[in-house]
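Sequences and hints are given; from them, build the entire structure.
So the protein sequences, as listed, match chains A and B. In this note's numbering, each residue carries its 1-based index in the first sequence increased by 1317. In this note's numbering, each residue carries its 1-based index in the second sequence increased by 640.
Quick caveat, the hints were computed from the structure, so don't treat them as lab data. The C-beta atom is built at its ideal place from N, Cα and C for all residues, glycine as well. It cannot be assumed that every hint is accurate.
[Unchecked claim] So, partial list: chain A residues that the calculated Cβ filter (under 8 angstroms) puts toward chain B:
id: 1; residue: 1330
id: 2; residue: 1331
id: 3; residue: 1335
id: 4; residue: 1339
id: 5; residue: 1403
id: 6; residue: 1425
id: 7; residue: 1428
[Said to hold, decoys possible] Here are some chain A residues pointing at chain B (derived, C-beta under 8 angstroms):
id: 8; residue: 1419
id: 9; residue: 1422
id: 10; residue: 1423
id: 11; residue: 1424
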Amino acid sequence: MKRRKKILLVDDSRTSLFMEQMVLKKGPYELITASDGREGVSKAESERPDLILMDVIMPRMTGFEAVRELRARESTRDIPVIMVTTRGEGDNVETGFESGCSDYLTKPIDAVALLAKVRDHLGE
Amino acid sequence: MRESDQEHGGPAVKAQEETPRHVQGLRAENERLRARLAEVEMERGALASRCRLLDGALEDNAVLRAENVSLDAERRMLKDKTAQLQERIERQAKRQIELEERLAGFEEENRRVAREYLTVAQQNTSLANLYVAGHRLHAGLRRGEVIEAIKEIVATLVGSEEMALFERDEDAPVLSLVDSVGIDAGALRRVAVGAGIIGGTAANGETYLADAHDLEAAPGEEGLTACIPLSLEGRVTGVIAIFRLLSHKPALEPVDREIFDLLARQASMALYCTRLYAAQPATPGSGA
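Okay, here's the thing in structure tokens:
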């Protein structure tokens, strides 16, 4: 039986997490959640997801810091990370890519765009 | 017989005299005949030569005729073949036109399905937004949770990180600021019902949308995008003021208006429930 792809959703907003889950749970994915950057890094290491959706502004550790941490670790450096944020300005996008994120998605979340990017990064 | 003839031997003498001339004449005639014979011989040779040429030409002609017959047959065959090919080309051209028409039909159908898919996907997103908003508003019974949910709905589903939440005082026609995000709310701590856009929304109970109304903003109301009256049992109990949208969101969309309607109907109910919950005497395990 084919293994379901695992996606880690990292966001301190329960509304965002709920929205992402609403969109992605229809697909063949196993969804895991974390509510800040530090928990996200920890779960990425223990769960080894196929893809991470990461918010930027979060308590304890921001999304940018979390991605840098993920890229610095051998076990998580190759996991694609899509930043999902309200900050869509050029500077933020640039910072995101500098920190090592693979792609960018702005809030409010567009279900079609989210699914398309997820499928793209999972090679579906 | 004349006398002179008799004297000189008569006709024999005369014949003797004439014979050389006669021989000469015969010789001349002979020469002429020889020459003529030579000419005739030459003419005969020329004619024989021409005959041979004509024979050759006739033979060539016969060969050419035979070739002509063969070529004619080939020409007829090619003509038939050309006609068949022409017919085939016409059939193919007709088929091509049919296929192109069918392809155009498929492409149009494809575009229609894509448009429908997009519409359905947008409707799904709208429904998901509304479901998430409704779920989040009623997911908690603590005031802080509901206020946080309202702020998250405005930030995450509408797309604004500048907002203020007001509740109407029980005993006075005044709106009090409950919480705000991303704005200087100094001038908005208390807003009289009927004053400015925010107070006006509380007074008339109608959602204000900047792109549909042209009202003058009171101090602190600059950059307002929308004002949503929160209603309960036909009475306005509060207002959500949404200021600037996120930089990458140029304008409100239809789904935003649906979220505003949902907030208008259900946010006040959710806030009211938190008051009821808070007023309940604490019971073991309730966490109130």
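Hint by hint, which ones does this structure get wrong, listed from lowest number up? Going through the list in order, the structure violates hints 8 and 9 and respects the others.
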